[in-house]
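The letter at position 99 of the sequence shown is residue 99 when you use UniProt numbering, and the numbering goes up by one with no holes.
Just so you know, these hints were derived from the structure itself, not from any lab.
Computed from a predicted structure; not experimentally measured.
Cβ atoms here follow ideal geometry from the backbone N, Cα and C, with glycine treated the same way.
As a list, the in silico SDA-like pairs of lysine to any residue whose alpha-carbon atoms are at most 25 Å apart:
1. 208 <-> 33
2. 177 <-> 142
3. 209 <-> 39
4. 103 <-> 113
5. 3 <-> 181
6. 177 <-> 163
7. 152 <-> 179
Derived Cβ-Cβ restraints for the label pairs, each shown as a range:
8. 126 <-> 153: 29 to 39 Å
9. 40 <-> 153: 33 to 43 Å
10. 164 <-> 208: 19 to 29 Å
11. 139 <-> 62: 30 to 40 Å
12. 221 <-> 139: 38 to 48 Å
13. 233 <-> 139: 38 to 48 Å
14. 131 <-> 10: 14 to 24 Å
15. 139 <-> 73: 37 to 47 Å
16. 207 <-> 130: 26 to 36 Å
17. 104 <-> 38: 17 to 27 Å
18. 118 <-> 62: 19 to 29 Å
19. 206 <-> 5: 40 to 50 Å
20. 114 <-> 43: 31 to 41 Å
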Amino acid sequence: MEKREELYRGKAKSVYKTDDADRLILLFRNDTSAFDGKRIEQLDRKGMVNNKFNAFIMQKLEAAGVPTQFDKLLADNEVLVKKLDMIPVECVVRNYAAGSLVKRLGVEEGMKLNPYTFELFLKDDAKGDPFINESHVVAFGWGTAEQLARMKELSLKVNEVLSKLFDDAGLLLVDFKLEFGVFSDGSIVLGDEFSPDGCRLWDKDTKKKMDKDRFRQGLGDVIEAYEEVAQRLGVPL
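Produce the complete structure using the sequences and hints provided.
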């Protein structure tokens, strides 16, 4: 597989073309951002940890029947993935109240949500990733009703699989965001990444935060927490 020119540079990853029109290479960098990119720092080992963490999770999801972008690890911080036409909508599943939900509704952080909630956000940093609904997605042409239904179905399957995986490791899967895209065969596929950057994970007993909230809230030991989560799951770093 030949790595070619950079196609896109995000806040924490770079995307490269390859000599295969249906494959891309993702480079996980050490950049760590918060507040829609307003705060950015370099954290040693972060690219490696998130790349291997993501590979582990994506393979677990594939085994459970969730189609993912993941193909294979290429290096400590590089992965080969399927090329997707990304849908600019973030799917967020919440099992416990935290983050923007607490700010919007004034509910108590940590409150168990029964049942879980499913939310949509427009992926647009300039607009602050605004909260949207299914009608907006269809009306503005960001996705079809059929695509949305599949995205929701897959999001809830991910929640089912990963809630148990993290629970067995002594962790609460508080919430998470997913991004989906359309593969060349027209199928909806889970893309981007699943790592502590895009979910909230708390220790079941102590409620210690083990995710990027450690960076957002200045709690320190960010990568150490990521590595502890990886170790509990059995992710080979």
